[in-house]
Amino acid sequence: MILFRFFSNLLKDDRGGQAVLLILFLMTILVPVLNLWVPADHPLHMPTYLVTLMGKYLTYALLAVSVDLVWGYLGILSLGHGAFFALGGYAMGMYLMRQIGDRGVYGNPDLPDFMVFLNWKELPWFWQGFDMSWFAFMMVALAPGLLAFVFGWLAFRSRVTGVYLSIITQALTYALMLAFFRNEMGFGGNNGLTDFKEILGFNLQADSTRIGLFIASAIALAVGYLACRYIVLSKLGRIVVAIRDEESRARFLGYKVERYKVWIFTFSAILAGIAGALYVPQVGIINPGEFSPLNSIELVIWVAIGGRATLYGAVVGAILVNYAKTVFTGAMPDSWLFALGALFVLVTLYLPQGLAGIMRHFRKAEAS
Amino acid sequence: MSMLDSIRQTMRRDEVFPFMAPKVSELLDVSHGPILYLEDLNVSFDGFKAINDLNLYIDAGELRCIIGPNGAGKTTMMDIITGKTQPDSGQAWFGQTIDLLRMTEPEIATAGIGRKFQKPTVFEYHSVYENLELAMHGDKGVWHSLIAHMNGEQRALLDETLETIGLKEQAQQTAGALSHGQKQWLEIGMLLVQNPHLLLVDEPVAGMTHQEMDRTGELLTSLAGKHSVVVVEHDMDFVRSIANKVTVLHQGSVLAEGTMDEVQNNQRVIEVYLGE
Ligand SMILES: Nc1ncnc2c1ncn2[C@@H]1O[C@H](COP(=O)(O)OP(=O)(O)O)[C@@H](O)[C@H]1O
Ligand SMILES: [Mg+2]
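Each protein sequence line maps, in turn, to chains X and F. Quick note on numbering: our numbering labels position 349 of the first sequence as 349, and the sequence is numbered without any gaps. Here our numbering = 1-based position in the second sequence + 368.
In isolation and in its complexed conformation, chain F is listed as follows (with noise of 0.2 Å):
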């Protein structure tokens, strides 16, 4: 009897097998607000609380700046959104449907969230223009990648971008050659070739002079609205300078949340960070 109820809870056609149910949602859903739900996240590394009770939410077409001092866990929490490390406890979600916790590095790229690291990461060996080529949104197959060509839209976009990052000259120069700054850049142009939903970007302005911190700031907030962007800064006047609403993270978890002002006048930001 119940062999046969198992049979036929397995043939029941009104459902799908959960080995063949699609791990992950592939449609974003930002219906409720938010387009990335960060719940309770716990990491500790060798016994020490990188992350720490950790509760964040950004919303959808939000530019946020996140503050904090070293060591508070800024860049651990990316490494958690993009899939390199996996928290001890915790839940991560992008919009409603999509649960990054069970997904891997390439698949959450996919789904749209793009990272700019703190030490810039380009691909030295290849010029600026394969960099873009290979960031490129698209099939990223193995067999695709065999035959495959940019279109006339990417190949627009990638010119778009090259103008937009300033490096349209060196488009042909190996990456390896460029200024530090000039790889920030690329690695943001590197973002931007994505079309990502949700843009992470750690320490852009790390070693640019006043003039390129200007422009990135520009380019950064021209992204919000079409994009949501978090950016991890140490630099307060850049933050100031494009930030309506800054997080403070300390000792992994938040602080304080709120306009540049509020946080700035709060009592425990100051004895922690501002203080210092």
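Here chain X stands alone, though its shape is the one from the complex (with noise of 0.2 Å):
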């Protein structure tokens, strides 16, 4: 009763909250159904690749909110977000590795493939404990959070910000590309980590792992929304929007100002990793490639046009520019980056506060 009271105080003014959790529920019921339970000859039966195309979808949303927590609501514009959510996939790929044991190519117990491949003897450091579920799961959340905490400590001790800020968080997911790409760092190079057989001993082919994975993803994604939301509402939610509207007041009212900006910023890398570690496991792999800088600028034009400081508005940008882009990949490969730019380009002229700014219009309208 309490915490119900609790949940409804948080979403009591978020009509779009309230939209997107009422359907997350709903999907948690709906989809199992209609995958397990309905026969597959059946014209509502479910197939299984769109559960796991829906499962992905939803951790780009919470991956979505994360952004718009640190560019909404402090202004921070990070576009380098990709890196942490690539983080997390890393420290989960390395356990799905693991738990491949001798069931690789080379049918090496100690041993990921890759490595025997690159005659290396025996496991680096780094790779111990990975084969530890509470230990890889706890990696999820410390890497891309230690890594958030010490560049954003730096950063924003040197009071580094606006574009220079933007700039410098594109340097630091371009540099962790280049070196994931490396052989020498042991994750795989190139080709990054694939070839997952189970997780926590479930088989990863299963249709009812999947499931298991969308449903998590559904969770994630609605405990990140809510732990936002708490954020937002509470008193550091209305500090960390006065940093971003007016820094150096906040500094003359005795609010540390860099100290706000790392711990948000952290916090939203670990939403971030949490993400990329339910993803990796639904795509099957995780590769260099998710540090592209491009990618985190691709999230950010999620947020743009969700619209931000609204935290739903990403969850809809999020969802429907990458259903968007399934449709167009599908149709012409070529044209998604031109179609994305122009789409950006449009809301930003057009719709400065994004497709939320489209519904906040209707609901004047509604009430006058």
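Bear in mind the hints are in silico, worked out from the structure with no lab data behind them. Among these hints, one or two may not hold up.
Label-pair restraints from in silico Cβ distances [claimed, not checked]:
#	chain 1	residue 1	chain 2	residue 2	range
1	X	GLY162	F	GLN619	32 to 38 Å
2	F	ARG608	X	LEU349	40 to 46 Å
3	X	SER158	F	ASN438	31 to 37 Å
4	F	SER590	X	GLY162	49 to 55 Å
5	F	ALA539	X	GLN128	54 to 60 Å
6	X	THR161	F	ARG608	41 to 47 Å
7	X	SER335	F	GLU537	37 to 43 Å
8	F	GLN619	X	LEU349	46 to 52 Å
9	F	SER590	X	LEU349	34 to 40 Å
10	X	ALA179	F	ASN438	50 to 56 Å
11	F	GLY544	X	TRP134	44 to 50 Å
12	F	GLY520	X	PHE362	23 to 29 Å
13	F	SER590	X	VAL150	48 to 54 Å
14	X	LEU349	F	ASP507	40 to 46 Å
Cross-link-like lysine to any residue pairs, in silico, SDA-like; alpha carbons within 20 Å at most [as the list claims (entries may be wrong)]:
#	chain 1	residue 1	chain 2	residue 2
15	X	LYS197	X	GLY107
16	X	LYS325	X	GLY289
17	F	LYS452	X	SER248
18	F	LYS594	F	ASP397
19	X	LYS235	F	GLY509
20	F	LYS536	F	MET581
21	X	LYS12	F	GLU498
22	X	LYS256	F	MET471
23	X	LYS235	F	ASP397
24	X	LYS235	F	SER495
25	X	LYS235	F	GLN540
26	X	LYS235	F	PRO474
27	X	LYS256	F	LEU469
28	X	LYS235	F	ALA516
To give an idea of the interface, some chain F residues facing chain X are shown, with a C-beta separation under 10 Å as derived from the structure [said to hold, decoys possible]:
#	residue
29	LYS452
30	ALA479
31	HIS512
32	GLN562
We put the beta carbon where it would ideally sit given N, CA and C, even for glycine.
Hints in hand, dock the two standalone chains.
Dropping the structure here:
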């Protein structure tokens, strides 16, 4: 009862958030039924590839929410959030690699295939522990969180802001991409990590595992959304927006702006890492391409299209743009980037508040 | 031998390691009278001396007006006191024990120096009420802010302040929608709820009507005594109405100091400023 009051308070003035969570809830019930219990030849049957596709969209949505928190509310345009997503993904990928055991091509029980291929004799120190799920899942949050903390601490303490900060976040993800491309780094180089077999003992190819991952993604998105919503509604949220609007004024009121930035940035990076960790078992691969600067720019565009500083706009933006991308790349693979660019320009010019802005407009019209 | 000495030195229990010693004393000590000491301050911007051997003392509980032509360095002086600008040389102490030049803006604010900017800066997207809540004295830490709620005393102070600054009706309105004068008042209100020892008020009546000016004057005079107040202002009538002691700043240093009458009859002041 208290819990219910707590949640309903979080969503009281958030019609978009109510809709998002309601749809998520319905989907976690409907999707398993349509996929597992409706027979395959029935017209209402939902094929497994669709379940996985939707699960992937949900992880993108969580990633977009994490970007909206730092960009929309704190005013930091991070063009490197894809790096945190990828790091979470790699942590999960390393766990999944260790779960393969001796079922790899080389049948080596101690080393992943790519290490055997590189003639390595033993497991590097930074792979230790990743055969244990609790350790790997902890690293999913810790690796991106630690990077964001150190990066943020250095950048914010030197009062790097605005465009300069955006540029160094791009540089960060670019540098990581180059590093992960190298075989010597020990993360599978070019090919990344793939050929996963099991997660927590469940066969990754099984429909029921796919459903489990879908539900896990939905829960992660819902919890992440509510956590961000809690932050935004607390005094912390009001301070964060104050820092966005008048940073130096906040300082003169006694707020240590750097600390606020570092913690929000770190929290956001952890959310992004969790999204990445759920993404990897569903798509079945993680490679350095996920660090590509372009990815980070794309996801900022999702948020811009959905509408900044609304949280639910980020969810809507991520899902709609990625749906469009799926359709588009099927029909005209080469033109997607142009379409995305055009969409971004149109939204910036005509819908500065994104799709959420349209909703707000209609609500106002309805009220008056 | 010398190594043994240095180990002994390090292990001494009767003093704190330098790196562990608190950077500033938390306690404001005004037992010698002044709450603010500015001594031999110099600041230059690209060779231009904005502050030039400035010496200024403000007594605890005093209301001081600072006047001076545009570009005299009044705002820059406030920037030094609040930690926004580092001087090239000189000293700035808050009471006897707090060295302002070694502190950051938030540390200085927490120590008890509040500031109103020349151009009113309020949080435009927050409501008037939220602006005051953000300025409210109390714990300003990140983790605390996650669960923070104002206590009874703070809420009472906030309501009282809304009354004082005449924005009770507008409490739920966004600050961006206020008039220029109202924003000035809101910013003064934000100063009040911080409960600072020293208030620095940069051009508080710019853009106000005569009535609003009178009310602002009353408010500032009523603060003196319990707080120390430094007001920078251009409007001579306003200064005359509130000040008993006036400091004239010119080209980054003090030109004259005294009552309004003394200052106005000062030959050098007449030359550079009032005579214009
Ligand atoms: N950040 C800065 N960079 C360069 N010059 C500055 C800066 N701040 C102030 N100045 C110069 O220093 C002088 C003093 O400015 P200011 O303190 O704002 O004067 P006042 O507030 O008395 O009108 C002015 O000539 C101004 O142009
Ligand atoms: Mg000025």
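Right, here's what the structure says about each hint:
no. : hint                             : result
1   : X:GLY162 to F:GLN619: 32 to 38 Å : holds, 34 Å
2   : F:ARG608 to X:LEU349: 40 to 46 Å : violated, 54 Å
3   : X:SER158 to F:ASN438: 31 to 37 Å : holds, 33 Å
4   : F:SER590 to X:GLY162: 49 to 55 Å : violated, 41 Å
5   : F:ALA539 to X:GLN128: 54 to 60 Å : holds, 58 Å
6   : X:THR161 to F:ARG608: 41 to 47 Å : holds, 42 Å
7   : X:SER335 to F:GLU537: 37 to 43 Å : violated, 56 Å
8   : F:GLN619 to X:LEU349: 46 to 52 Å : holds, 49 Å
9   : F:SER590 to X:LEU349: 34 to 40 Å : violated, 52 Å
10  : X:ALA179 to F:ASN438: 50 to 56 Å : holds, 54 Å
11  : F:GLY544 to X:TRP134: 44 to 50 Å : holds, 49 Å
12  : F:GLY520 to X:PHE362: 23 to 29 Å : violated, 41 Å
13  : F:SER590 to X:VAL150: 48 to 54 Å : holds, 49 Å
14  : X:LEU349 to F:ASP507: 40 to 46 Å : holds, 44 Å
15  : X:LYS197 to X:GLY107             : holds, 14 Å
16  : X:LYS325 to X:GLY289             : holds, 17 Å
17  : F:LYS452 to X:SER248             : holds, 9 Å
18  : F:LYS594 to F:ASP397             : holds, 15 Å
19  : X:LYS235 to F:GLY509             : holds, 11 Å
20  : F:LYS536 to F:MET581             : holds, 19 Å
21  : X:LYS12 to F:GLU498              : holds, 19 Å
22  : X:LYS256 to F:MET471             : holds, 12 Å
23  : X:LYS235 to F:ASP397             : violated, 32 Å
24  : X:LYS235 to F:SER495             : holds, 13 Å
25  : X:LYS235 to F:GLN540             : holds, 16 Å
26  : X:LYS235 to F:PRO474             : holds, 17 Å
27  : X:LYS256 to F:LEU469             : holds, 17 Å
28  : X:LYS235 to F:ALA516             : holds, 6 Å
29  : LYS452                           : holds, 7 Å
30  : ALA479                           : holds, 9 Å
31  : HIS512                           : holds, 8 Å
32  : GLN562                           : holds, 7 Å
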